[in-house]
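Residue numbers for the sequence shown follow our numbering, so the first one is 1 and each next one is one higher.
Since the hints were derived computationally from the structure, they do not count as laboratory data.
Model, not experiment: these values are computed from the prediction.
Be aware that a few hints might be false.
[Unchecked claim] What follows is a list of derived Cβ distance ranges for each label pair:
id	residue 1	residue 2	range
1	174	307	37 to 45 Å
2	27	107	29 to 37 Å
3	137	167	31 to 39 Å
4	8	28	22 to 30 Å
5	78	307	34 to 42 Å
6	153	278	39 to 47 Å
Every residue gets a Cβ at the ideal spot worked out from N, C-alpha and C, and that includes glycine.
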Amino acid sequence: MSRFSGLYLIGLLVVVYSLWLPETFFNADNARVILSSEAITGILTLGLMVSLISGVFDLSVAANMSWSTIFLGWLQAVVGVDWVLSIVLTLAFGVLIGVLNAVVVTVLKVDSVIGTLGMSSVLAAATYWLSDGQSIVGGLDPAFRELGSSKWLTIPAPVYYFAVIALVLWYLLSYTPAGRYLYSVGSNMSAARLSGLKVVRLQWFGLMTSAAVAAFAGIVFTAQLGTASYDSGAPYLLPAFAAAFLGATQVRPGRFNVWGTLIAIYLLAIGVKGLELQWPGEPWIRDLFEGIVLIVAVALAARSAARRMASRAR
């Protein structure tokens with residue numbers, strides 16, 4: 001039962017909030033809001049999860065998302081680049097950021113926490129320089145904005161993008177040799193190296209994937225909002241890490257995994273949403289809830305990993 005405790009908690013929270021807030025929580029509009037609002041968090045978390053699986057932290061994902069948002073808006077609104085080409089260039093730049101992270105971590109031998117934190121500061125400076133600290137309002141192609149504002153079967157388009165990313169990564173991590181190699185590197189780097197795996201190459205793949213998905217999150221966010229918002233990624237960093245580590249306690253305890261991450265994302269979303277509906281306008285609720293969950297989730301994930309290693313040793 002512990003593998004799916006998040007699902008039971010989601011059910012419990014839905015029942016409690018529905019009885020507590022029947023008019024505001026238990027309705028279809030609120031469900032759509034939760035689905036839509038967590039799509040960006042979900043995309044960013046899934047990208048972060050790949051780097052964590054490979055054994056490296058990527059603290060630059062939020063800054064990468066902010067940079068991608070402003071860079072995309074600048075390409076369309078200021079330079080006048082076609083919206084399709086602007087998406088391609090933004091994704092390419094995201095991959096380049098992943099390459100730079102990989103060079104810092106694997107070539108310069110800087111700890112991934114410090115290296116990606118430094119890259120985060122560099123990206124924040126670049127974002128400020130390009131935007132002059134202002135959001136880019138207007139100038140985005142209507143066809144591009146339609147990608148984020150359209151709905152299919154009353155469900156916003158970003159939810160479908162999130163679902164596609166989840167399915168692709170689930171298949172990659174569960175049914176391909178590359179996915180198994182990533183897990184091997186993350187669980188025991190020395191053993192993976194001795195068994196002949198290209199550890200550095202796999203870490204490059206993890207960081208490049210994380211950066212590319214973060215850039216994609218910035219693209220979807222810009223299309224959904226209709227403007228290029230400065231510092232758009234900052235509010236998503238803590239939720240992404242909280243969901244990733246909480247997800248490592250679900251479905252496959254002790255391992256970062258896609259389905260556990262999905263459970264964690266919506267467990268956090270429902271938990272926060274109910275409290276926000278009860279005490280609207282209180283900005284501290286989300287930070288407090290997600291901060292506590294992150295601490296507890298890291299502790300539980302570490303405990304699950306230790307148990308798994310102990311069982312292997314026996």
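Going down the list of hints, with the structure as the test:
Residue 174 and residue 307 have their C-beta atoms about 22 Å apart, which leaves the hinted 37 to 45 Å range violated. In this structure the hint that residue 27 and residue 107 lie 29 to 37 Å apart at CB is violated, the actual value being about 53 Å. As the Cβ distance of residue 137 to residue 167 is approximately 34 Å, the hint placing it in 31 to 39 Å holds. With their beta carbons about 23 Å apart, residue 8 and residue 28 fall inside the hinted range of 22 to 30 Å.
One distance hint, 34 to 42 Å for the beta-carbon pair residue 78 and residue 307, is violated here, with the actual separation near 54 Å. Separated by about 30 Å at the C-beta atoms, residue 153 and residue 278 break the suggested range of 39 to 47 Å.
Of the hints listed earlier, those the structure fails to meet are numbers 1, 2, 5 and 6, in rising order.
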